[in-house]
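Those protein sequences? They're chains A and B, same order as listed. The first sequence begins at 558 in the working numbering and counts up by one. The second sequence begins at 558 in the working numbering and counts up by one.
Please note that a few of the clues may not be correct.
[Stated by the list, open to error] Which residues of chain A face chain B? A few of them, derived with a C-beta cut under 7 Å, are:
| no. | residue |
| --- | --- |
| 1 | His-590 |
| 2 | Glu-913 |
| 3 | Ala-986 |
| 4 | Val-1055 |
[Unchecked claim] FRET-style restraints, in silico, Cβ to Cβ:
| no. | chain 1 | residue 1 | chain 2 | residue 2 | range |
| --- | --- | --- | --- | --- | --- |
| 5 | A | Gly-735 | B | Glu-846 | 54 to 64 Å |
| 6 | A | Gln-1088 | B | Glu-630 | 44 to 54 Å |
| 7 | B | Arg-639 | A | Arg-707 | 51 to 61 Å |
| 8 | A | Glu-750 | B | Asp-677 | 38 to 48 Å |
| 9 | A | Lys-604 | B | Pro-569 | 49 to 59 Å |
[Claimed, not checked] When the alpha-carbon atoms are kept at most 27 Å apart in a straight line, the in silico BS3-like pairs for lysine-lysine are as follows:
| no. | chain 1 | residue 1 | chain 2 | residue 2 |
| --- | --- | --- | --- | --- |
| 10 | A | Lys-1003 | B | Lys-561 |
| 11 | B | Lys-572 | A | Lys-1004 |
| 12 | A | Lys-620 | A | Lys-637 |
| 13 | B | Lys-561 | A | Lys-753 |
| 14 | B | Lys-755 | A | Lys-753 |
I should point out that these hints are in silico values taken from the structure, not numbers from a laboratory. Only a predicted model underlies this, so the values are computations on that prediction, with no experimental measurement involved. C-beta atoms are modelled at their ideal positions from N, C-alpha and C, and glycine is treated no differently.
Number of protein chains: 2
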Amino acid sequence: MAEKGFRISRTPVWKKLKEHAEEMKRPEYHLKHLIQEKHRLDKFSLKHVDFFYDYSRQRVTEKTMDLLFELAETAKVHRKYRDMVEGKKVNVTENRAALHTAARSFPGQSVCIDGDNVMDKIDAVRHQMRAFSQKIHSGAIRGSTGKVFRHLVVIGIGGSYLGTEFVGNALFAFADKGIELHFLSNVDSHNFETIKTKIDPASTLCLVISKSFTTVETMANAKQMMAYMTACGLDPMKHFATVTSKGSPGDNGPLSGIETFHMFDFIGGRFSVTSAVGGVPLSLYLGYERFDRFLEGARELDIHTKYAPSPENIPLVSALIGIWNNNFLGYQSQAIIPYASPLSKLAPHIQQLNMESNGKSVTINNYELDDSSGVIIFGEPGTNAQHSFFQLAHQGHPFPIDFIGVVTPQYPEGSCRPHGVSNHQELWANLISQATALAVGKDDNKKTHFFQGNRPSSTLLLNDLSPVNVGRLLSYYEAQTVYKAFIWDINPFDQFGVELGKTIADDLRREIVAKNKNESYNFNHMDEITQFYLDTLFSGRFS
Amino acid sequence: MAEKGFRISRTPVWKKLKEHAEEMKRPEYHLKHLIQEKHRLDKFSLKHVDFFYDYSRQRVTEKTMDLLFELAETAKVHRKYRDMVEGKKVNVTENRAALHTAARSFPGQSVCIDGDNVMDKIDAVRHQMRAFSQKIHSGAIRGSTGKVFRHLVVIGIGGSYLGTEFVGNALFAFADKGIELHFLSNVDSHNFETIKTKIDPASTLCLVISKSFTTVETMANAKQMMAYMTACGLDPMKHFATVTSKGSPGDNGPLSGIETFHMFDFIGGRFSVTSAVGGVPLSLYLGYERFDRFLEGARELDIHTKYAPSPENIPLVSALIGIWNNNFLGYQSQAIIPYASPLSKLAPHIQQLNMESNGKSVTINNYELDDSSGVIIFGEPGTNAQHSFFQLAHQGHPFPIDFIGVVTPQYPEGSCRPHGVSNHQELWANLISQATALAVGKDDNKKTHFFQGNRPSSTLLLNDLSPVNVGRLLSYYEAQTVYKAFIWDINPFDQFGVELGKTIADDLRREIVAKNKNESYNFNHMDEITQFYLDTLFSGRFS
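With the rest of the complex left out, here is chain A (with noise of 0.2 Å):
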């Protein structure tokens, strides 16, 4: 089928590893035998600072691993990954570079796109940030009434607001500024009408997010929510900022109100948390001193992932052990647990940032893939999800499962130990017991307890869930995320694949428009499935 050029799939050290998988599946190979090697932890373990990363209950072997080492080093991860930090346009079809890990630099240490220093521009939106959030506690800037915000409406979609709502989620603990966050994403008016059940309008603003400033529905969000506001009998220019790209239709425009903050081509919408788009909503809900260590832990971990050699590089070694199950031992999809209520919204922020990235059919010189890559990414906060859908992780088809766990939780203990334990024991204790059990696996006569075992996991510890430590996390993911993607050969900073639904889109649009503007027009020239759809549309319901 496809045409001759690189592809991973056909290296020699590829075919050794699909050899080795089968010789996995023996039945020695086991996890329950796997896990009692003496110094196993210690062998399939990585510290670094703050961050522990145990791939010990992984279905893998020192040879595993050596062939795993192999295949980055064939796939050439480090360059690319050097390529990518240094400012190089490793987004090849869009001709940019992709420096999110800038976002987090000293502005000290130049780096470059064609010969030009980014971290300027970087430097002087830092500065903007500080400065802003600045007069926003103190209450030099305030609404039109004269009234301090309270209300931080952040209208954006996809990129553009899951990962502030992930770390706005997981630094709730720190969040002291009396700042609520709100986030207006899906163009649904419910959406809409809920953010107004919890917001008083007058100590509300409005954070416009979008690069180009043309997103549907963010432009829909951010009119409705502006008549509003003038409704309310408010001036919304003063109730409104805009994160944006230098000259869209948001940049200082008519719909910018107080202030615009600069967003880059070469930072795309995924992988934005620690630029503007993460920058102004976080250092306001939590003070941008905070969202400044935040950066620093992001940045800490680049250092690692940029530096470490394969064998000691976790977010490397972490997407290896992606690959591994997926390619080699079939597992088409990984959960994401963390017991830590405080990273409820971490799961679909990697959805987005992984399969955005990586869900793609052509390799990065453009030759199809032998398989489209991609899994699917899914996951709950532990002991919820045992009592949601942990029946199938157990007994069900398998997939494999990345534990977090944190150390010291945010909140200090109570004195309740209802069963001698604390809260986070509690959740401890099973933290440990699932990934055993998912392991080990029992038999028994009874069939219905019968548990096969040798289902995998990995378990990331960090030391605490600071700012700090969450932006590590972050960059962690963020890392593992693109090593994936250049193990595969394939462009995690495109995203052609959401072309051709807003082509169509586009044309349905017009459609619709053209009846709006005209009661008589008919559907009948599109095919009768879009034509009943339409007409289902406009009649108010189906017959």
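Assemble the complex: chain A is given as a structure, and chain B must be docked to it using the hints.
Same frame as chain A, now just chain B:
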């Protein structure tokens, strides 16, 4: 491997479907061709009252459906469904009936287990819920300082809250009783601490939901909340109520507070939304009359499900399509994408309902399945999902999608039409275009702009999101879930897969208690991995 005994996967019709699936992979059966057949939509869609189920963009022909209906016959699904609704002990491993459908039956119609009419008990609880909600709404029952209740904190995990969360969100537009709904499920204190910032304790009612009243997380949270109420100078007995089994420690016991509502062993947690588990919180949040309308919708679709012949039976057809996609076309996951923000908590509920029910490894007669069953369910509302993970849906590893559309939205459309279309029309333009784009794909010389197409989806339309239709939606998914189980010949009502993790957690809890009591206790007798985690937990950080 597996021993003798009936397995659907060894029947002639299964073999015929396997052969037919090979045939369906031929290029002439690409969806771009199939959907051009005349009257395709008429042939491959079903209407029932306010429900429209369109499977015209599934990879099926009339032959496929004939074989699938033969499969349903072979699996005796209609008999199994009738046995279930008539009170037979279809949950054979636990020797219980599975009568969630009775929770919305008319009291006049008797439903018997072992000759006892359960409708009397169910009716008694309904009357109790009606009276209780009226007394709360009228202010006849108040908190210990005389304040009327404005906040309801549901304390429960898994099936004790996911369904209520789904329905509560779906019907937010109808929540006019002045009561805010909160869910305290996670044992992580963060969950409790966030709720504390949102409630006024004096006007807060806590509803503890646990069948056994021994669920570890729920008991820990209930005690934490009770201690907080006491610390606030309130009498917790006037701020608590319980939903639990007759005779459990929470049945009019020391923790029961104002009132206890009974749940029954013939309704499992994930099927319990229409019982007191959903009924008490939803009738407080929405008013009992609306909860009753919700039951009416569920009952109405139950009747359809019981009596409609296979080709007209919406839940059965959708279950067969699911099995076709999973077992014959090889898709291992399934997304649920409602183009309706009120349905944003539908996917987590169905994730539990489906994955906990159907992730099994043995048949109902205790024979090992040839392949363990179940699919990964995940989802987010549209259009948000388009801006998150749809890149993978279009160009990465494919997965089938259930789209959901609502013809008339809950909120009247504003006058804002930024692109000449209303917000609701915008949603629909996308709903229609995504299903089309996935099906037809697009040829393009630019490889990055090539779309393989042939990616299947169904579209479920509801005329509106009224309480009655949300009831239908719930019943639809419940019936789809059990029909899938009936075809796979598994028991969807037990969940022994969660036991092993619990057993190991019990052991670990004992270890933790020992260390809590005696600081010098050590874990050297444990395996090295477990030892590391326990040492880390107690040292407060890994070194």
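Status of the hints after comparison with the structure:
no., hint, result
1, His-590, "violated (13 Å)"
2, Glu-913, "holds (4 Å)"
3, Ala-986, "holds (4 Å)"
4, Val-1055, "holds (6 Å)"
5, A:Gly-735 to B:Glu-846: 54 to 64 Å, "violated (39 Å)"
6, A:Gln-1088 to B:Glu-630: 44 to 54 Å, "violated (35 Å)"
7, B:Arg-639 to A:Arg-707: 51 to 61 Å, "holds (57 Å)"
8, A:Glu-750 to B:Asp-677: 38 to 48 Å, "holds (41 Å)"
9, A:Lys-604 to B:Pro-569: 49 to 59 Å, "holds (57 Å)"
10, A:Lys-1003 to B:Lys-561, "holds (16 Å)"
11, B:Lys-572 to A:Lys-1004, "holds (26 Å)"
12, A:Lys-620 to A:Lys-637, "holds (25 Å)"
13, B:Lys-561 to A:Lys-753, "violated (61 Å)"
14, B:Lys-755 to A:Lys-753, "holds (17 Å)"
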